[in-house]
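Could you build the full structure based on these sequences and the hints that come with them?
Same order as they appear, the protein sequences are chains E and C. Read in order, the letters of the first sequence are residues 1 to 348 in the working numbering. Read in order, the letters of the second sequence are residues 349 to 696 in the working numbering.
Hints listed in this document are in silico derivations from the structure and should not be mistaken for laboratory results. Yeah, the Cβ is synthetic: ideal placement off N, Cα and C, and Gly gets one too. Hints should not be assumed to be uniformly reliable.
[Stated by the list, open to error] Pairs of lysine to any residue residues, derived as SDA-like cross-links and limited to a Cα-Cα distance of at most 20 Å, are as follows:
#1 C:Lys-509 x C:Ser-379
#2 E:Lys-329 x C:Gly-469
#3 C:Lys-583 x E:Arg-95
#4 C:Lys-359 x E:Arg-95
#5 C:Lys-665 x E:Glu-90
#6 E:Lys-74 x C:Ala-437
[Stated by the list, open to error] What the simulated footprint calls covered on chain E by chain C, stretch by stretch (three residues with Cβ under 8 Å from a Cβ of chain C suffice, anywhere in the stretch; the number is not a length):
#7 115-126
#8 150-157
#9 169-175
Spelled out from the first residue to the last, the chains are:
Number of protein chains: 2
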Amino acid sequence: MLSPTLTIQNKDFSYPVFIASNCLRDHSLWSSLISQQQVFIVSDENVAPLYLEKFSNALTNKQITHTILACGEKSKNLTQFANIIDHLAENNYARDCLIVGLGGGVVTDLAGFVAACYMRGVDFIQIPTSLLAQVDAAIGGKTAVNHPQAKNLIGCFYQPKAVIIDTNTLTTLDERNFRAGLAEVIKMAVSFDENLFGYLEQQMAQLLERNQKVLQYIIQRCCELKANIVTQDEKEQGLRSLLNFGHTYGHALEKIDNYQRYLHGEAVAIGMVIAAELSVKDKLLSVSEQQRLVHLIASAGLPTQIPSTLNQTELNKSLLLDKKIKNGKLSMVLLKKIGQARSTIIKN
Amino acid sequence: MLSPTLTIQNKDFSYPVFIASNCLRDHSLWSSLISQQQVFIVSDENVAPLYLEKFSNALTNKQITHTILACGEKSKNLTQFANIIDHLAENNYARDCLIVGLGGGVVTDLAGFVAACYMRGVDFIQIPTSLLAQVDAAIGGKTAVNHPQAKNLIGCFYQPKAVIIDTNTLTTLDERNFRAGLAEVIKMAVSFDENLFGYLEQQMAQLLERNQKVLQYIIQRCCELKANIVTQDEKEQGLRSLLNFGHTYGHALEKIDNYQRYLHGEAVAIGMVIAAELSVKDKLLSVSEQQRLVHLIASAGLPTQIPSTLNQTELNKSLLLDKKIKNGKLSMVLLKKIGQARSTIIKN
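Here's what the structure looks like:
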């Protein structure tokens, strides 16, 4: 049987992360992981036709129902949350049921929030199928839905029982979403791991061809880096904020754009460029390292500039509702050098 | 300054519980407890006219807004939750804000759920003003809203920063709600503390006159007993289920009655009588101890019988959605003797 690639050790309990090509079809993995009788699967219109039936078939003699969300951030809201809760209640799902999130970050964030709140918490397994979800959303226990005023405004911290990452699902991911996922990979590298950054510079062509070995390596490394941080700071009180490099402006961009123009990773790519510029202005980061970052982002086919049509006043207003504001001061992550992020207070 | 009456020690952190007459007006207590600049108060139509202004006035130089709920379980729903979140977002409440629940269990449960989920968790102070909330809802970190299918179906575990119990607020509590609160006091005594049970038998007249000393003693004792259990079992995985004596049928009764006829405590009173009958049938409890319990419940002016008009089929159906069902089996708390509850599996 497949062994866990990583084990995430939290204060109270640990859970396994499996990273392998084609593990989604590994029946023995599922039968050993899933003891629950009632299983509810959240997926979306892209992922469900490809993987839902295969996965459901691997689970025998269980009560399985599912919901299939429309794709995109618009599905990640309190109404969908309430719809799923209604479904679970109407179908007599009990406290010992299992919720499975099979899809990208929208699916796993929403499914996790449902699992956290249904009957004050039921078991949850994440099967992230997008690169973004595999390298970012899968580790750390953040669950959430969006609010018209801000992304991820409603949610809580809730750890899954297991995370299954099948790198083969990335072969069906569309090009734009794949590249958007690379933004979070670049973020992890530039914030915490100079070696990974160098590896990405060298292997970008292979990566864009979705070489499975390269993918497994970078996903594992990102999960390790993230796990190392979040297990030291489960509730985002200090260290964990360093994971937000590029996210302050990234979230604000997504918001004023009403989540239309940019995918999350694309907004983060631009956010990283802005944060790197601020890092140079603050005399933290050298211009040459800033350029290396901008070059890597561009080589992944990601945007590096705010469109000139964008309203700067709106952008600044949007920053005010960022969760990272304390006592009216905006805390932002800047770069000291490649592989080393640090938190700084920006006066407003 | 007032010292904490109790300190609740959880795995990760501890919080103080203050129990005293008139502590709600103790400005020095509030100034030492509340460092946050943005304060949002949840209260209800009964409590707000009596205490909201006094409490708000004690907090100087802060951004304070509030919501006042209609009284009763009907306010404890996902719509109200969403309305409060909207208000917080529109008023730019930041992650370092404070949510205060000033009222009965409906108010503190809803306010706690908002605090748990707004920006994945902000600070929360509970000021329970009903006897029920003071002896039960205040300790243990359970937050929730109701769902049409079941009470408290949506919620999570979230610990407050402090709990303030002003026993003087009980002087304005209406007779029916006061007596309903006594049901939870009796539950704690009959489940865990024979001495407290004896004290209640002796002091019921004083208690019904709302003698402040008697009230402080029983509230403190109930909080101690509950804290002792919940700190050993934060997420209700074993021991904590013993707190549910009388609640399996109690919740089912409330539900099929659509939360109209019975207050929670009244439903629990009847639920305790049913559970005691089942305990005698199971040859666990003696008839004389069963009668002592029924007598104490009656002496508190609480109901001891299911009305004959009630549909037994509906009641059994309602039990099926109880959170305490595992693998199709209903786990129920029975009595071995007065002061000693135990969990039993009831075949369905």
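Evaluation of the provided hints:
no.	hint	verdict
1	C:Lys-509 x C:Ser-379	14 Å, holds
2	E:Lys-329 x C:Gly-469	19 Å, holds
3	C:Lys-583 x E:Arg-95	12 Å, holds
4	C:Lys-359 x E:Arg-95	23 Å, violated
5	C:Lys-665 x E:Glu-90	12 Å, holds
6	E:Lys-74 x C:Ala-437	18 Å, holds
7	115-126	holds (count 6)
8	150-157	holds (count 7)
9	169-175	violated (count 0)
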